[in-house]
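*Asks:* The primary structure of each chain is shown beneath.
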Amino acid sequence: MTYCIIARCPRTGRLGLGVASYSFLIGMYCSDATRANTGISITLGAPNPGNNALAVRLLAQGFTSAQVLAQLVQNDVNSDYRQIGVMDREGNVAAYSGTMTRPWRGHLAAKDHVALGDMLVGQHVLDAVVEGYAADPAASLEERLLVALEAGSDAGGQVGKGGRLPERSAAIIVAGIHDYSDWDLRVDAHDVAVKELRRVHEEFKLYADYYVERARSPRNAKTQMEFADMVAADQPKEMPAEMR
Amino acid sequence: MTYSIIARCPRTGRLGIGTTTFSLACGRRNESVRPNVGISKSQAMYLRAHDPRALNLLAQGFTPRSVMNVVEANDDDFMYRQTGIIDREGNVVAHTGANCGQWAGHTIGPYYAAFGNGLAGPQTVAGIIEGFLADSDAPLEDRLMSALEGGCKAGGQATNGIHRPERSAWLRVVDRQDYPEIDLRVDLHADTVAEMRRLLERFKLYRDYYGERCRNPQDALPEEDFVPQAAVG
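Chains A and B supply the protein sequences, listed in that same order. 120 is the number of the first residue of the first sequence in this note's numbering; add one for each residue after it. 62 is the number of the first residue of the second sequence in this note's numbering; add one for each residue after it.
Chain B with its partners taken away, still in its complex shape (with noise of 0.2 Å):
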């Protein structure tokens, strides 16, 4: 049970990633996301290996299209897989096998695709997609974000007809450095998209701060000075 959107912002060409679960440290997954090459993201009784091959293949050329027919014609048990996978172009495919768990689903935009298994219904989804649509000029980070919350809102994960928390969740933005822009996760929670979204806000008082310290150490101040003009702004 997890659900994800995955997305290629149109107007900056940053690829990101935001994704919520019951299992602990989702965001481990650091295989799935890969700069200026594209995001395979596959989940409910996923194998690891899955995603690196992916984006290998992406990297080589072949489109997310014949990227996911490799990986259905390598793998005995398709059907208990879900992948989404979108290349540097915002070319989106998605995949969910009929035993992933219910209710599952994907829908697929023309920058995205937002998908989840043992969700509440496709509410869920919908959910995600009427978050991320919300305002299409914002930052993607936001964007991704605003996803999560709508997908939460909107039901989340249920299994019989019970609902099951949030636990982990990940959003990890890149743009065209090969480390990330923006990488927050929350590996084990009680209230997951509300401390995501806590982190978030954090990380963005801090972000100009950290870039520049990284850029310019000379002129930075000590953190331990930053920090009160940070809780202040």
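With the rest of the complex left out, here is chain A (with noise of 0.2 Å):
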């Protein structure tokens, strides 16, 4: 009961992964899902919370993708139950999609990119969600990552044995170069959380800026009280007539 998508910006080397899930709480179960100069990799389905992080280690051992999927089936007797991508820093990948996952199952990988997901209305779920991603290369990771999720849900997103199931949860977390997340955003137990991801995506992008120049010169900073005035004062209060 969720799509997830895990990438490699080609431009820029960052890694990142973009994921919704019916599950309440799925940006809990991303932890340690990604290694700036390392690799990602979650595991889905009934998730197995150790592996990420497993994973994660094996690959900056140099293990391969391949390797490390093995790896992580060997080492767990429910592996039947877990779906899971793998990707190192240079965007070679692996993914599995266990049998005991629920339908429709699947993933699809290629170069610097899996998408997969389980209890999806069909394939063409994930065909939207890469579509998404591939839709503009010149944008940043994190927003083709988010577009890859509103493809999806788009799409017809999740299903269950009542009809479609709504995203109750998403995540979009990016790592760059530093041992700390670059973007890295979340919503949890909503009603539509993609379309939450997005309106909070938005205003972060505002603030994004802001917070890495008040770190680095904190005497120089407007207080966030002042920075946060200059962008109320920017937002249009009501839209042009032209733009409705």
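To be clear, the hints were calculated from the coordinates, so they are not data collected in a lab. By construction, the Cβ of each residue, glycine as well, lies at the ideal position given by its N, Cα and C atoms. Warning: the hint list may mix true and false statements.
What the hints assert, rightly or not - Here are some of the chain B residues that sit facing chain A, going by a computed Cβ distance under 8 Å:
1) R109
2) T220
3) D248
4) E285
Two chains, two frames, a set of hints: combine them into the complex.
*Replies:* Structure below.
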């Protein structure tokens, strides 16, 4: 009951993931999934919460993505219930959808990205995720990941026994060159989590450079309240007629 | 402007953080908590690099006091930063720079630190501690949540006498595993502390189900069947 894309930006080498789920707290299961200059690994389905950190440590030791995947599968008696994507810092990928994950389940793996999901309406959801991701290669990785999630949602997303299952949580995480994330936004326990993630993302974009600059040069920084007032003053109170 | 509590549960050894702020998405700072090592939470005009560096030093065996000295020596703008550091044994230090924004301050207890900047006044920190200490037998996550509610109720954040809303919050508890036991986030909300309470109560309904589904997926109910039970329970 989740769809996800992990990807490497070929322009910048940044690594990221976007995920949306009927589970209400999917972001919690993405802890340690990304490590700058190392790779990404995510385990979904009925996740094994230790897998992400183990996989990233193996990548850091030089295991290939395929070897990492093989290790995760053999290390887990319940691997049939897991869905796994792995990508190294060069964009080499491996993916696996256990036979006991719920249909429609599957993955689309290619150089620099893997889309994967279970309990989807059909494969066209993953096709849409990849198309959304591929739509604008010049955009930032976080933007591309979010567009991918929106496309997956628009294509019908997840389905359970009683019909469509709403996205109740979503997250985007991007690692750059630091040992902390470049971009990490989350929505937990929401009725329309992908839409809400877009709202948070747009608001955060207004502040992202300010937060970096304030940390670097606190002596010259505006206070956040001054900055927030500037941001508010820049927002159109009412959308001009020609933009409606 | 932010207020936080970091703590080690003296009964279980679990480490946890509760924080809320006017800034967006404060829970993106995964790097501030490391299981079996400690917590370093920097705020005010913080540098993201501070916390992972501090935890690297803690992991090598330095005390929180020594770590703080290294961090200070490495930072020309230390007076703009506020930081609390706790190790796995519950040793705590805190620092509030002179230029952190009024009112700013911290209080250290035997296994916790409460600290904030851009606050209504010292009453906010007092409220955090009152909430945290209200029931010392409660699970750490409940104590952290009560601490945030205590700080909020006591007046929370203000600049120039004007109250400033909490827009994001983060509650994370780690145990022995290298992934978090609890990790709840509110990234942008009009009533953040109440939303965090809602998330925590929701999480309590699901935690056994999610944990069991990970461990024994062959016996797990489909989540859409579990949800109605959770709504009743």
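*Asks:* Please verify that hint: E285/B, Cβ, nearest Cβ of chain A, below 8 Å or not.
*Replies:* Constraint on E285/B satisfied, holds at 4 Å.
*Asks:* Holds or violated: the hint that T220/B contacts chain A, with Cβ atoms closer than 8 Å.
*Replies:* holds, 5 Å
*Asks:* Can you verify the interface hint for D248/B: is its Cβ closer than 8 Å to any Cβ in chain A?
*Replies:* holds, 5 Å
*Asks:* Grab the minimum C-beta distance from R109/B to chain A and call the hint holds if it beats 8 Å, violated otherwise.
*Replies:* Holds - the Cβ of R109/B comes within 8 Å of chain A, reaching about 5 Å at its closest.
In summary, this structure violates none of the numbered hints.
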